[in-house]
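Enquirer: Residue-level listing of the chains:
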Amino acid sequence: MRRLESQSLAGAVRAMAVVVPLLGAGGAAGCAARTTQFHDFATAGVTYVKASDAVLEEAGTAAIGADSGILISARANTPVGERTARLLAANKLLKDRVAILRDIRRHGRVLQRYFEALASIADSKAPESAAKAAESAFGALAGLSASIKASPLAPVVPGLTKLIVGSFKVRILEDELHQRADAVAAELALQEAAFAKVGELLQTDLRVQLNTLESRQVVQPFAADAVLPKEWAQNREQVITASAASAAASAGARAAGALRQAFEAVVANRFDRAAFTSLLDDIGEMLTIAEQLAPAAREGE
Amino acid sequence: MEMIALYSKILSQLNETIVAMTEPAFDALMQAGTVDQRQRAARELLDVQHARLVLGNMVLADIAARLKENEKAFLDGIESLDEALERLEDIEAILGTVSTVLKIVGRVVTLL
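Chains A and B, in that order, give the protein sequences. FYI, in our numbering the residues of the first sequence are 1 to 301. FYI, in our numbering the residues of the second sequence are 302 to 413.
Treat the hints as calculated values from the structure; they're not laboratory data. Heads up, a few of these hints could be off.
Derived EDC-like pairs (lysine to aspartate or glutamate); straight-line CA-CA distance at most 20 Å [claimed, not checked]: (1) A:Lys92 - A:Glu82; (2) B:Lys310 - A:Glu200; (3) A:Lys132 - B:Glu387; (4) A:Lys132 - B:Glu390; (5) B:Lys369 - A:Asp53.
As the structure is a prediction and not an experimental result, all values here were calculated from the model.
Same shape as in the complex, but just chain A (with noise of 0.2 Å):
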């Protein structure tokens, strides 16, 4: 009767040691997609608010640029009485504009660390950590008993160790997204209107940068009967090559629009690689533009 006990005990850890990493491998896969999801968002989260970062400074700097441009052509024809109130009523507005982007930016940096919470635990290693430590504790235990030595569940322990830490990770993920999934929601349709906006006003800004830029160093010098300055065709060459960027501001909205997508097939749980690397498209030609901008801006100042 003892043996026969023994016997079924001894099939059944035998059963156990054969079952639990196929059921080890099926979870431990299911919880790496899941937490592949949340690490690619999050990633994407972090580089987007960056790329955002870079459009806000460039809309401040552009608004100025189109500002001064605006100030210069219109300056011959603004009574000498008026001009210094015109003046100084332009760099109140814009010391203003300065101060609301800097605080959206500010924001941003808030969002920023959220995302690199999410993605703390995303890429966190304790899975793996502690299976080594149960490995170890194991092994340890193996030191006490020549029978836990013998044990076909050796090998299983440190597995089923990383699988279950790793669902505790996912399932915090998971806690996480449907605690702040309005919130998110909300954040990120916000984001895509409020880039639609800045957007807006940059792209304005910087054709009027370059409008100004045409008409005071390219048309004007042209049309006058004085000698052409020497730099006049590479002026012209400037303004008319610059003019795709400022087309091209609009970047920044969509780029918001990917993330709002993406973290709703996070939410679905159906936020694959190739959306991934489409957001990630998005994201990087917010950024190129920005980086685009900064040059063509500094040259219309």
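With chain A fixed as given, assemble chain B onto it according to the hints.
Expert: Below, chain B alone, put in the same frame as chain A:
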């Protein structure tokens, strides 16, 4: 909220206006006008730009305020995730401690 939507719409129209008013063709026309026409055009250009700055600031300030309203949720999220990360790392600590204790016990048992 409705007022901001209206301001935003007017701002979009002013954006289009200022681009048109600074077009080189428009500027060339202005340069060819009388002194009075040039001064009027310059004043209108500055007025449109002033209105753009005022409305732009109002619209952007509204966006900034709405983003700030949402901020508390993210600060709570950061705190909650930081705590969760600590708990996750505690699992490692517990297993690490168990392992160490067991190793010591193992040595003691061997000595006995």
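Enquirer: Taking the hints in turn, state whether each one holds.
Expert: Quick rundown of the hints versus the structure:
no., hint, verdict
1, A:Lys92 - A:Glu82, "holds (16 Å)"
2, B:Lys310 - A:Glu200, "holds (12 Å)"
3, A:Lys132 - B:Glu387, "holds (19 Å)"
4, A:Lys132 - B:Glu390, "holds (13 Å)"
5, B:Lys369 - A:Asp53, "holds (16 Å)"
Violated hints for the displayed structure: none, as all numbered hints are satisfied.
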